[in-house]
Amino acid sequence: MEAVNISMQEFAPRLETPSRKWYLWVAMLSIISLVGIYALVMQIVKGQVITGMRDNAVWGIYTANFVFFMGLSYAGALVSCAAQLLRIKWIKPLVRMAELLTVSSLIVGAPFILFCLGRLDRIHYLFIYGRIQSPITWDVIAISTDLVFCIAFLYFTNIRDFARLRDYPNLKVAPWRKKLYTFLALNYRGTPEQKKYLHQAHDIMAAIIIPTAIIAYSLLSLIFSMSLRPGWHSTIFSPYFVVTAGYSGIALLIVIMWIYRKTHKLEKYITILHFNYLGFGLILLTFIYAYFSFSEYFSDWYNQTQAYSLLLEKFFDFNQFAWLSLFHVVFAIVVPIIVLGFPWLRTVKNVTLVALFIVIALWVKRYLIVVPTLETPFIPIQDVRPEYVKYSISWVEWALSISGIAVIVLIFTIGSKISPIIPVSEVADVQNLEKPEILFKTKGE
Amino acid sequence: MKTTLNRYLAFIAMLLMSMAITNPGICQKKDRVRMKLSYTKDQKGERSIAITLTAGSGKSMHGVQNGTVSLLAVEGDSAVTIATLQTDTLGTAKLYLENGYLLPKSADGISMISGTYDGDDNYNSASNELQISDLNFAISFEERDSIKYLMITANQADAEGNELPVEELDINIGVDRLFSILPVGEVTTDADGWAELELPDDLPGDAAGTLTFVAYVDEHDMFGTVKSAVAKDWGIPVSYEVKPLPRQLFTDEAPFWMIASVFIILIGAWYHFFLSISKLIKLKKAV
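Respectively, the protein sequence lines represent chains D and H.
The numbering used here numbers the first residue of the first sequence as 1 and each following residue consecutively.
The numbering used here numbers the first residue of the second sequence as 446 and each following residue consecutively.
Treat each hint with caution, since some may be false.
[What the hints assert, rightly or not] Among the chain H residues that face chain D by a calculated CB cut under 8 Å, a handful are:
hint, residue
1, Lys481
2, Ala604
3, Asn607
4, Leu609
5, Lys724
6, Val732
Calculated directly from the structure, the hints in this document are not laboratory data.
All figures in this text were calculated on a predicted structure; none of them were measured in a lab.
For each residue, glycine too, the CB sits at the ideal point set by N, CA and C.
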């Protein structure tokens with residue numbers, strides 16, 4: 001990365017007293033979040049009958065959201081931890097966005113699986129009577145572990161910036177915030193010993209988060225692939241899920257990058273180079289994703305067992321899921337290959353637009369994993385009402401989903417008000433060409 | 446003038462006819478209803494009369510819901526209403542006769558029950574009759590030359606309460622199991638109403654070897670469905686102690702290797718977490 005001058009002087013004013021616009025924005029997001037809470041209360045009071053979930057499709061948009069948000073969190077963790085471990089300098093300005101994406105999507109995504117439960121009041125039974133053999137128990141353990149680790153990692157990367165904010169004399173913030181920065185900075189003064197300890201803590205966390213995130217997301221796929229259902233019972237589901245997670249997460253990171261670049265005037269730090277590199281990563285993931293998708297569906301199609309055939313027919317039936325399938329294939333595979341593949345199409349705007357459509361298409365993909373399979377059981381229920389077989393999304397589910405997105409945006413909005421969205425200390429390291437300690441060293445010949 | 450009047454009359458007649466054709470209340474054809482009456486006396490001695498009202502035929506056959514059925518005990522020329530019942534969604538209703546309740550009997554000990562259904566807008570009326578003769582079984586056991594026998598006597602009571610043997614009656618013998626009766630054999634009574642059945646000696650019983658033998662006749666023209674049961678410890682004692690299930694994926698307790706794997710992974714992960722926290726503690730102290 002090209003050396004740039006960076007200092008807290010540039011970012012401190014953004015952390016000071018928020019503008020009226022900022023308050024309005026936060027109020028709007030809070031109202032949307034409250035609508036979601038109202039929908040949740042209604043669901044708890046009236047039961048799941050007010051959702052679209054019924055006897056056949058026992059999961060719906062909630063599970064799709066759960067898988068989607070977990071995937072985003074995985075990609076954020078991968079980017080920030082890989083940057084730390086592999087000492088990738090160009091990625092440094094994006095690290096905080098990636099970490100915020102990880103933590104916010106974990107906080108929002110994890111509760112979505114709970115919304116599927118018919119008896120939320122018995123949630124503690126999962127811990128009292130949970131069977132260690134069940135993939136759901138593994139998931140509960142893995143996701144909660146991942147969440148703690150990712151919050152810790154987000155904090156670790158903020159320590160040096162908190163210290164800078166503590167020491168910045170012209171910072172006009174409330175005294176309690178100054179005290180908070182002092183507390184969170186952990187007496188960090190930048191001594192060589194402290195730098196060494198912080199590096200070690202960073203490296204250890206980064207090294208443990210990558211496998212934890214991969215395990216957590218693989219376990220998530222096992223909830224599906226360990227069930228005997230058409231479209232789910234597949235050996236490649238774990239790597240397929242991990243690749244899809246990375247793909248959707250990096251696409252969203254590009255979108256977030258673009259938004260911050262425009263709204264916070266960060267062109268100096270988030271350059272075309274970042275869009276180039278991440279765009280390259282995106283096209284690589286597009287091909288891997290396309291390969292996995294083809295392998296998955298081709299083997300299902302070749303088998304031609306009754307339930308699998310019925311499921312695949314639904315993907316080609318325009319009265320069923322063909323429009324969604326087409327949207328997914330076009331915007332998750334075809335368009336990215338065309339736009340990112342040809343250099344004259346690869347502009348910042350195009351890369352961002354393609355990334356945005358990839359994010360939407362991969363949400364659709366999660367919906368297509370969950371719903372059509374549940375609507376196509378091996379042993380269909382006889383003489384049942386059509387609305388019990390066919391899933392349709394209710395307003396409650398839409399409200400909770402949209403409020404989930406609002407909460408993520410809210411976390412980003414508040415998070416970037418507490419500490420700079422560009423990690424000042426990390427970028428300054430690159431600027432000062434500070435040579436960080438290498439994690440793994442060989443001992444000569 | 447007369448022609449004009451005739452025209453008016455003809456018009457009114459056509460109007461009435463068209464109303465009759467289009468009004469479903471006038472033109473609708475009512476369904477024919479069939480009534481079935483059956484009498485049951487179970488092994489506990491509880492007696493009941495079941496009524497079933499059905500309409501339609503083949504695939505369109507269905508029960509008549511909410512039909513009011515009157516049950517009358519007929520004695521000579523007079524009839525006494527003993528109950529009025531309403532059918533359920535399947536078109537069935539059941540009358541349980543209290544213990545000790547005596548139905549009026551003819552001289553030969555036969556009670557005549559008549560059921561009537563008056564019909565409604567959709568269904569025609571229906572009626573049927575049922576003859577009930579109170580049948581009793583006396584069951585005993587005997588072992589001769591190491592062979593086990595069940596002996597049964599079938600009697601019916603006349604109007605004075607005298608027991609009369611029932612001749613040529615086919616009786617099924619079985620053993621009561623959890624969901625149904627396991628058939629063991631069938632006997633026919635002789636002139637004394639008596640019959641016997643050689644029992645197999647390899648029937649598994651409960652922990653004490655007890656078997657519940659059931660003698661029964663099903664939907665007999667005269668006696669209806671009658672059951673009688675007696676327990677006898679002639680079965681092979683079977684211990685139903687459930688062996689502890691192995692540690693497997695599908696049982697309550699997980700295999701050791703799985704518990705060990707999960708704990709090793711968790712300990713490894715959390716060890717590194719606390720290791721990094723310890724670095725932060727050192728960082729705080731190293732000023």
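A quick look at each hint next to the structure:
no.	hint	result
1	Lys481	26 Å, violated
2	Ala604	51 Å, violated
3	Asn607	54 Å, violated
4	Leu609	51 Å, violated
5	Lys724	4 Å, holds
6	Val732	5 Å, holds
Of the hints listed earlier, those the structure fails to meet are numbers 1, 2, 3, 4, in rising order.
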